[in-house]
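If you read the sequences in order, they're chains A and B. The opening position of the first sequence corresponds to residue 1 in our numbering, with each subsequent residue numbered one higher. The opening position of the second sequence corresponds to residue 1 in our numbering, with each subsequent residue numbered one higher.
Read the hints as simulated data drawn from the structure, not as lab findings. Do not take every clue at face value.
Now the in silico label distances, taken between C-beta atoms and shown as ranges [as the list claims (entries may be wrong)]:
1) E79/B <-> D400/A: 53 to 61 Å
2) E191/B <-> S433/A: 18 to 26 Å
3) Q207/B <-> D88/A: 14 to 22 Å
4) M375/A <-> N48/B: 37 to 45 Å
5) R424/A <-> K27/B: 39 to 47 Å
6) I107/B <-> E11/A: 31 to 39 Å
7) M436/A <-> N48/B: 42 to 50 Å
8) E191/B <-> D88/A: 52 to 60 Å
Derived DSBU-like pairs (lysine-lysine); straight-line CA-CA distance at most 30 Å [unchecked claim]:
9) K72/B <-> K397/A
10) K56/B <-> K431/A
11) K320/A <-> K431/A
12) K122/A <-> K56/B
13) K56/B <-> K138/B
14) K194/B <-> K403/A
Glycine included, C-beta positions come from ideal geometry on N, C-alpha and C.
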Amino acid sequence: MQPKLSLLNDELIKRILGEACQLMLKPGIKVQNAEARQLLAESGAQVDEETMIVRIPEQIVRKALETVPRQFHLYDYEGNPKVQYGGDAVQFDPGSSGVAILIPETLEHKTSETPDLIRVVKVAESLPQYDAQSTAIVCHDVPKDIHDLYRLYLVMLFSKKPIVTGAFTNKTVHYMMDMLAIFAGSREELRKKPRAVFDVCPSPPLIWSNFGAGNLIALARAGVPAEIVSMPLAGAAAPVTLIGAVTQHAAECLSGITIHQLAQPGSPIVWGGAPSTFDMRKGSTPFGSVETAMIDSSYAQVGKSLGLPTHAYLGVTESKLPDMQAGLESGMGALVGALSGINMISGAGMLDSLLCQSPEKLVIDAEGIAMAKRMVEGMKIHTETLATGFYEGVNFKGGDFLKQKITMQLFQKEQHMPSKVIDRDSMRGWKESGAMDTFTRAKIRVQEILASYRRPELDPAKVSQLHAFVLDLARQAGMEQLPVIEDFQPA
Amino acid sequence: MSEELYKEMAQSIIDGDSEKSVELAKKSIELQMHPLDTITKGFVVGVNYIGDQFGKGEAFLPELVMAGEAMKAAVATLEPELLKLGEARETMGRVVLATVEGDIHEIGKTLVGTMLSASGFEVTDLGVDQPAEKIIGKALEINADIIGMSALLTTTMVRQREVIEELDKEGLRPRIKVMVGGAPITKEWAEKIKADGTSEDAVGAVQLAKKLVGKE
């Protein structure tokens, strides 16, 4: 019995979709990619080449929605299906797009480099709460031209999990698919068993940039999953009302799906986003606000009404360090996302909105995620009777149930057992183990995880090929040698 | 041969399998193995292991309690043999546990009992709602080293003081040490009523008991 949160009723969903369709006609969608405009024009949309504004009639959108897959999987390095997009599966991955890493000793948000991303990947790889990796932070020790693909390269070297990634240009998206194809065996194998999904962002309000639309088309034709990350900023780049932002989100996603399915019907795509309210005191984008979570939950419900796989950015905080604000915002966000049945919830580990990754926060978030996942499992019925069968031999004593075999058999199915990051000790025990706060316990856990991490065994021939491929691109970008990576010597 | 059997005995405790531990105890009697060896080289090894694991956070309370039950069952089977031989099992010490009169809460006390047993103490748990004379009577009967008293209610915790005063009157201290525990019990309270110590949890209670019998 999976518990579900719903903020909208059927009538409201219908109105949202109705107005989203109206938005695609008036003011229309600005499509800054010529090929996308051509695809839309050929299918009967009204295109103004000068303003790049396209009016997309509902019937084209409806047709696109007919060909979108309702479900698809991401596969791990070995080719096992590990992440399910579609239905009410709930999965988590670390937040990506970070540009800094938290130094736990000094609390500095340091510009991120190669060893920092490797640390994040190692921690995410070791925690079962993370169903997928993400290309979590940009490494500033390599040239900008290879920023996106170099992140993927490091994740591929240090992980076997499925990957949530994204390209920064229309050129590099092809390189990144080539990299994945090296491990998959071929482009055809990659299409059959994709290991990665690529985030593709429209620009609010109602714009598909040359790069965004270009990526949609490239991914559709390659049959590699795309994930729309629509980012209405309620009150700034979208209507101030939450429901207005949800409606704009729908229009951006529907127009994106239309372009994508026109390029290649049947290619997999996800109804996702990273919306936010707009803070009217600071002009910031609070991804940890409860209203942001409400927009996410609502748009996911709209996407589900269309039978689409879903994604959201939740479990994120504006706090600058793993403190109570970080905990409460991240925990609430993760829970709302989980209860909304969102297939992939990105954001774990992130501080300072979406700017700074922290391995320490990643291990704390893993605890919140485990709790949210437990909640999603709902109330379970393990036994024939709900309770009466438990009372045989019970002597009206407090500890009676501790002695039952069934207690031992079932307690771990009923209760999630947290790691040492969560304190449930007595005062005595807490003091004896060092009287530590959550952040301190998290630092220790990160050290333990890093100490026990082992790099996965990968096909050395494929690794060499991947390394040569990335090195070649680095040289084209003006870097003679890739940064030296600890415990990895390319052949 | 007996080495194998000792391993099986330890495993039956680790598995919390009372039927198996009793079966193995009976088998050892048939094989005329020395009951003290059976306990110390067999069953106690299992109890120690699970106690260690629990301390490290790698085993959980149901496992510990089940192991305790399996241990209790095995020792009960061997006890008549020990009596026949006129020998007693060497233990860390003898403890009488009870929840004081007027109070029927006992989960914490039961856990303390389990942990003490797992750590090698011989524990007699009188249960709940026990008046002073009964607790003291039992302590004298079994020649106890320690009396452990639990109270959950602020209205019943005063009974702990009554037991201590009674012991002092009879001149039974410091021969018998007194541990007090329960949610409202603080170190200050323990000092005030002249108890020999208190702990907030079962792990701490074992440390305290070991200290009180001089076997830290």
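Status of the hints after comparison with the structure:
no. : hint                          : verdict
1   : E79/B <-> D400/A: 53 to 61 Å  : violated (24 Å)
2   : E191/B <-> S433/A: 18 to 26 Å : holds (25 Å)
3   : Q207/B <-> D88/A: 14 to 22 Å  : violated (48 Å)
4   : M375/A <-> N48/B: 37 to 45 Å  : holds (38 Å)
5   : R424/A <-> K27/B: 39 to 47 Å  : holds (41 Å)
6   : I107/B <-> E11/A: 31 to 39 Å  : violated (51 Å)
7   : M436/A <-> N48/B: 42 to 50 Å  : violated (29 Å)
8   : E191/B <-> D88/A: 52 to 60 Å  : holds (57 Å)
9   : K72/B <-> K397/A              : holds (18 Å)
10  : K56/B <-> K431/A              : holds (16 Å)
11  : K320/A <-> K431/A             : holds (27 Å)
12  : K122/A <-> K56/B              : holds (25 Å)
13  : K56/B <-> K138/B              : violated (34 Å)
14  : K194/B <-> K403/A             : violated (34 Å)
When the structure is compared with the earlier hints, violations turn up for hints 1, 3, 6, 7, 13 and 14 and for no others.
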